[in-house]
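Trainee: The residues making up each chain are set out below.
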Amino acid sequence: MGLIIMQNKKILFTALFLIFVLVIIPSLIVMTSRWDLYYTLSSVALLAIASAGVWLTFYIGRINIGQGAFALVGGYVTAILITKAGFSFWLALPFSGLFAAFISVLIGLPILRLRGVYFAMITLVLTEVGRLSALALPITNGAKGISNIPLPGELSFAGITIIPDFASFENPRMAFYYLASVLMILCFATLYRLSNSRLGHLCRSMQQNEELTSSIGVNIAAIRIIIFALSSFMGGIGGSIFAVMSQSIYPSSFQVADSINFMLNCFLGGLGYVFGPMLGTVVLYFGWDLLFQTGKYQMLIYSSLLIISMLVLPNGLLSIRLSGRKKS
Amino acid sequence: MEQILVNGAYLGAQYALIALGLTLIFALMNVMNFAHGQMYVLGGFVTYTIYGQLGMPYALALFVTAITLAVVGAVVEKFLFRPVIKRSQRDESTMLLAAGLGFFLDAVILLVFGEKQRGVPKLINGVFNWDFRVIMPYDRILIFALAVACIIGFMLFMQYSKTGRALRALAQDRDAAQLMGVDVDRYGMTGFALGAMLAGIVGGLLVTITGVNLGMGGPTSTKAFMMVMIGGAGVIPGAIFGGLILGFMESILLSTLASYGDITYLVIFVSLMIFLAIRPNGLMGKPWG
Numbered sequence: 001m002g003l004i005i006m007q008n009k010k011i012l013f014t015a016l017f018l019i020f021v022l023v024i025i026p027s028l029i030v031m032t033s034r035w036d037l038y039y040t041l042s043s044v045a046l047l048a049i050a051s052a053g054v055w056l057t058f059y060i061g062r063i064n065i066g067q068g069a070f071a072l073v074g075g076y077v078t079a080i081l082i083t084k085a086g087f088s089f090w091l092a093l094p095f096s097g098l099f100a101a102f103i104s105v106l107i108g109l110p111i112l113r114l115r116g117v118y119f120a121m122i123t124l125v126l127t128e129v130g131r132l133s134a135l136a137l138p139i140t141n142g143a144k145g146i147s148n149i150p151l152p153g154e155l156s157f158a159g160i161t162i163i164p165d166f167a168s169f170e171n172p173r174m175a176f177y178y179l180a181s182v183l184m185i186l187c188f189a190t191l192y193r194l195s196n197s198r199l200g201h202l203c204r205s206m207q208q209n210e211e212l213t214s215s216i217g218v219n220i221a222a223i224r225i226i227i228f229a230l231s232s233f234m235g236g237i238g239g240s241i242f243a244v245m246s247q248s249i250y251p252s253s254f255q256v257a258d259s260i261n262f263m264l265n266c267f268l269g270g271l272g273y274v275f276g277p278m279l280g281t282v283v284l285y286f287g288w289d290l291l292f293q294t295g296k297y298q299m300l301i302y303s304s305l306l307i308i309s310m311l312v313l314p315n316g317l318l319s320i321r322l323s324g325r326k327k328s
Numbered sequence: 001m002e003q004i005l006v007n008g009a010y011l012g013a014q015y016a017l018i019a020l021g022l023t024l025i026f027a028l029m030n031v032m033n034f035a036h037g038q039m040y041v042l043g044g045f046v047t048y049t050i051y052g053q054l055g056m057p058y059a060l061a062l063f064v065t066a067i068t069l070a071v072v073g074a075v076v077e078k079f080l081f082r083p084v085i086k087r088s089q090r091d092e093s094t095m096l097l098a099a100g101l102g103f104f105l106d107a108v109i110l111l112v113f114g115e116k117q118r119g120v121p122k123l124i125n126g127v128f129n130w131d132f133r134v135i136m137p138y139d140r141i142l143i144f145a146l147a148v149a150c151i152i153g154f155m156l157f158m159q160y161s162k163t164g165r166a167l168r169a170l171a172q173d174r175d176a177a178q179l180m181g182v183d184v185d186r187y188g189m190t191g192f193a194l195g196a197m198l199a200g201i202v203g204g205l206l207v208t209i210t211g212v213n214l215g216m217g218g219p220t221s222t223k224a225f226m227m228v229m230i231g232g233a234g235v236i237p238g239a240i241f242g243g244l245i246l247g248f249m250e251s252i253l254l255s256t257l258a259s260y261g262d263i264t265y266l267v268i269f270v271s272l273m274i275f276l277a278i279r280p281n282g283l284m285g286k287p288w289g
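Those sequence lines, one after another, are chains A and B.
The first sequence begins at 1 in the numbering used here and counts up by one.
The second sequence begins at 1 in the numbering used here and counts up by one.
Source of the hints: derived by calculation from the structure; they are not laboratory data.
None of these values were measured; they are calculated from a predicted model.
In this text, a Cβ means the ideal position worked out from N, Cα and C, and glycines have one as well.
Check the hints yourself; a few may be wrong.
Claimed, not checked - Covered stretches of chain B (in silico footprint by chain A; criterion: 3 or more residues with CB under 8 Å from a CB of chain A, positions within the stretch not fixed): (1) 85-97; (2) 108-117; (3) 193-201; (4) 223-235.
What the hints assert, rightly or not - Between beta-carbon pairs, the in silico distance windows are: (5) B/LEU60 x A/THR32: 55 to 61 Å; (6) B/VAL267 x A/ARG115: 43 to 49 Å; (7) A/ALA85 x B/ILE152: 56 to 62 Å.
Unchecked claim - Below 16 Å or equal to it, Euclidean Cα-Cα: the simulated EDC-like pairs (lysine to aspartate or glutamate) are: (8) B/LYS86 x B/ASP185; (9) B/LYS78 x B/ASP183; (10) B/LYS223 x B/ASP183; (11) A/LYS296 x B/ASP185; (12) A/LYS144 x B/ASP262; (13) B/LYS86 x B/ASP175.
The task is simple: from the sequences and hints, build the whole structure.
Mentor: Below, the structure written as structure tokens:
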């Protein structure tokens, strides 16, 4: 009985969330005609996707400060495929994710053996390598980056239009908002499914003790690679849409500060909760924006709030709910 | 070639001193101090204020810088890191705190000292010139000597003083040290203060050569992390080696790769990744930090 109630509750929450993201927010934007919010919210959704990837690596007990590199890879692959090879965006998008995942497998094979701070620092270095490679490689056009990336064209299958040409919309930003939020929902649904699957249990046991997990006969090396590839896939997808949305990509589009922010989003939301990265991204992004009015004190207030939130809730914002449940 | 080696040694000594503070904090608290670069910048600005603005003697300025940063380190440990470490489910939570602290120090420095590049009057004028093979300004030689003296002083302190012994015990095994009667909380604070102090001293030394500005913090932290990784996290001689290796690599590669464009750091970073893939614990690190 209790299980059914809980399941109904979950379905209700999901439905409410979907309605909120896909119906209420757009209609609020239409009512207030704050069209710029579409862009802001799409960015939040994309950052949440990349942060979800970082959260996944946290899930196997690795601190990943390298997501910026994979987002950069995704963005550049999309930009190059569209502008130089004439690919359609809808083909370039999955390809960017897969390419980022492929790179992450190559890099992950050696570096995933590292743990703790070692892994954290090497991924931090990886972000720098990404930025410097983008500056140095001939195909990425150096510091000038790639600009004038066209908007996504139409996606059709057997003559039926599934997604119309973005340029045909009165407001392409709305299209980007739907694209980003739908992908974000898909991404977190995947995360939720994964964390409640057998793989999720294995990941949690790896987070606690890898030797023990491996001694039971789990192929930890394979799981590490799969999770890291998935994480980078999300980073690549996020970067890819970001490049098309801002119609440009530069070596400085994703740098160390961004990688650290992805990590902070996860921390702030709570590492133990699937929806932590989403909440963390929303709070950090809008918190920073709202504080804009405080002018030169923006940074001071923002960082003080970060420190205070860490002191009061060292296990993330979502841990409020956890402590409430324990008492009852 | 002699010039390159001398430059490398000069850079290496500075780097080693930064890395020492970072590795000390890591060894004691298991905290990756993202705010280390900001502490270094803060040290530079304190020295700038006292020596450059108020016109006090340089030695006094350096002394006040060391004390200020030590106090900052102690306060940060006592009121921020210690409670969070005690209450958090995962060690990594301190990273958010450290990153937040880095932002906070950046903001404070911006409000108090502004965003301009600041420099101070030269300590000594003149240039050492050995037959045009090695050219080195005298003030750089002085700073190099001071940095080396600090490193040696720190090593001796860690090796022979009671506090140093306690800190080393703490770094080796926290529980065992506690059982032997080491006041873990007090020495944790001392260690953090010492680490912050070292960062501040480097800032105070380098402000006389390169000046100081707000944006130096982040890149300095990244470099310090790299040195610590090369040597092995939490190992004091490792940090010194890491600093020297990075200093020499930088000075050698900057001159040999100059014709290939701006790829020095790319080469350094990539070779570091390859090195760590082969030797995950650095030169002399403990397994898994």
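Trainee: What hint numbers does the structure not satisfy?
Mentor: 3, 6, 10 and 11
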